[in-house]
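Asks: For this one, chain E is given, so just place chain C with the ligand on it according to the hints.
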Amino acid sequence: MADPSLFRLRVVFRKAGRLALLSHLEVARALERAVRRAGLPFAVSQGFSPHMRIAFGAALPVGVGGEREFYDLFLTRYVAPAKCLEALRAGSPDDLMALECAYVEHAAPAASVAYPLSTYRVDLTAPVGEWPVPDAVTVVRKKKEKELAVAEYLAGEMLLADDGRSVMFALEAKPTGSLRPDKLVDACLALMPEKSRPQRAALTRIAQSDGTTTL
Amino acid sequence: MPQTNLWPRLRPLLARVERPARYLDHEWGAGAPAGDAFSFCMVYPDTYELGQANQAVRILVNAVNAADGLAAERAFLPAADMADLMREEGLPLFSLEGCAPVGEFDVVGITLPHELAATNVLEVLDLAGIPLRAADRAEDDPIVLGGGPCALNPEPYAPFFDAITIGEGEEATPETLARIRELRDAGAPRAAILRALAAIPGTYVPSLYRWRTEAEAQEAGSWAEPIEPGVPAAIERRVFEGFARSDAWEPTVVPYTEVVHDRLNVEVLRGCARGCRFCQAGMMYRPVRERSADNIVAAVERGLAETGYDEVSLTSLSSTDHSQIAEILARVNGACDGRGIRVSVPSQRLDAFGVEMARLVAGQKKGGLTFAPEAGTQRLRDVINKNVTEDDLFGAIDAAFAAGWRRCKLYFMIGLPTETDDDIKGIASLAQRAYDRAKAAVPPDQRGSVRMGVSVAVFVPKAQTPFQWDGQISPDEVLRRVGLLKRSVKYKAVDVHYHDPKTSFVEAVMSRGGREAADWVEAAWRRGARFDAWTEHFDEDAWREAATEVGLEPEAIAQVTREPGYVMPWAHVSTGVSTRFLALERRRAAAGETTPDCTFGACTGCGACPTLGVDNELAAPRVAPAGAGATRGADEGAPRAGAPEGGACHG
Ligand code: SF4
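For the record, the sequence lines run as chains E and C. Each residue of the first sequence is one higher than the last, beginning at 1 in UniProt numbering. Each residue of the second sequence is one higher than the last, beginning at 1 in UniProt numbering.
So that you can see chain E by itself, here it is in the shape it has in the complex (with noise of 0.2 Å):
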């Protein structure tokens, strides 16, 4: 997988506004025309059918978004990082812009799972006093239902704001697998009285890191 004579280049992203609407593959198809339209001279894989050399961070569910997503691109030569951003930057629409540029080291861990750790803030359309949490989420995998212990996920508590319009809190991937921010607040959302429940105004994943770094 690791090719010496590449030079890999990781991009960091936001996905924002509306385009937080977007599926994690119509995202990866946009970011990957984006490279396309910055003119990069990204590698090709070999084979019957050949990609671009492109890998990406975890996955974000449809309607969640990411203040600071990434990606890695292979390059065939070296272009300075202020080159990539700059022409990355003409090639991309606002809500999915690129932020920052710089090259990583081959054996640095693959992007999918570089970065367990992720902080979620979700805005609320009303405030709240206080945020119930569920033990368990109910959860459909495979076309079955499966319950997922929300303690052996979540990193911390979850830290409603002192507006109480916005709550704060860190999820754990797992190997075995995650659970998905989305789940979680509608989760806690449904604990209230249906009456004075607000709903999500926004969720966004605002930092990610590996329990020492931070993206």
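A couple of the hints might just be wrong.
[To be verified] Derived, one-sided and incomplete: chain C residues facing chain E with beta-carbon distance under 7 Å:
1) ALA15
2) ALA21
3) THR257
4) PRO596
5) CYS598
Think of the hints as simulated: they come from the structure by calculation, not from any bench. Note that the Cβ used here is the ideal one computed from N, Cα and C, for glycine as well.
Replies: Frame of chain E; chain C with the ligand shown alone:
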């Protein structure tokens, strides 16, 4: 007046529907909201996935935005789940760029891409809150324009449109909009605007024509009688005369969600003169106009750079017929070398040259190839003017399987005029012999992977073709013939697929019906029919009950065969190809005589060039490859165009 922005109301609904990406706008290349400009909403009457890459949408939005003081936005029919939710929430149909109510636009244009989109037209109007019938629209309702392939028989749609453009819209649409704006600015009432539109060449204003009785129509030579002086008795198709010289690069919207034909589409030529007698596209886009190799290659390079697509299709009814196709493909291959870009070329050619062109762009990955012999025997291929012999087909098969393809699909039609059971058995025989040829062209250890598919569609008589007078066989007869075909195929590796004859039946009625068919469409829609082209949505009962309700006998419209002298309901619409030529072609069909493709030799007198004042415009002379019958071949039209799946462009 600035338009209402519905986004704040739409946004919360998007969490509750499938694939919200299709309602978002903000794609790369999407235009700006119309703002205060004279506004045109271009509507494709199906979902975003089907309509976004549609050529008419792209061309007309670009053409209108390029005109001074006019602005175009796009709109698509929401999927069924979204449409239901919008009705529940009272949210009207919205445009993409400005998220504005479609009903607030000055003009709404709806393209008519195929015969099964009629109920969707009503769904569009209803969701937009625009009265379904032109007669019921008020002064401040949008003017509703129609156009597209189905406008060649506009009658089943006539009452729903204020005006219908016949033919190519590059010039006609901006011209029509500019005229409406001028009259609106001058305070002209709706009726005066419509009268003025009737004076624009190629424009049919249905409300200005009385529908004659059958006897009157046969006597007068037309069903549509102008109700006042100055209204033209016949409407002639518009042709974009400057097509060949116009830039092949067209600004393109790059969707986020996956859509059909999700790639850079570069139109390389327009028109096809192969002259297949069942084919509407082969009659309605004459004369043939080719863009030059330089124009095309420059558009591919610029288009890939500006869109970021990893696939380009050189589009037309049959791009391998382009006189410079070998040069174009070699240069396009060079231009995308090493970038993982796939190239595809729709082709109607059924010969080794066509395969060679497919091979040029296929790279290492070879999916399936499709060929369309259309009929199983030489006799019937002569009747339909599909100028392809068995040897042409076998030559193509030899070349394809020797070059590495392992799968091939053969398209046929059943129910063609004069078809007998021998022709049906001929399909089985041809497919099996093609399979034998394919196997023989492949190394012995790979013969097990050879597959030959047979796909049969039901013949639908199309307006403005030599077979417009021929009736369709009944759905029961279709099933009998399909049964015969299936029993005649003895090879396991040859599998047979066929189209649902019930939808083909509705297509035939829509294709041949007069103005009375519009009531049927509306009644069917009121009974819940929509998305008729989607098998899972097609509601046969709604159509049947609607026929009873409005007293229409659809069988009589779809299945009756007329003499070529009979005046058909679209006689007032002219593609330029004369009815005399169509009748002559019908007689030649009966005699088994073929007619050559005029782009390879002499004019065959169809009438298109002198009537429309435009000639065939080729980038270079077309030369017949030695021994290839495909030079005289024919085609059915875009949807079934044999499209070799492209492979990667590799060094
Ligand atoms: S008028 Fe003649 S040259 Fe022109 S399209 Fe018809 S047959 Fe061809």
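Asks: Look at each hint and say if it fits the structure.
Replies: These are the hints, each one checked on the structure:
| no. | hint | result |
| --- | --- | --- |
| 1 | ALA15 | 6 Å, holds |
| 2 | ALA21 | 5 Å, holds |
| 3 | THR257 | 6 Å, holds |
| 4 | PRO596 | 40 Å, violated |
| 5 | CYS598 | 40 Å, violated |
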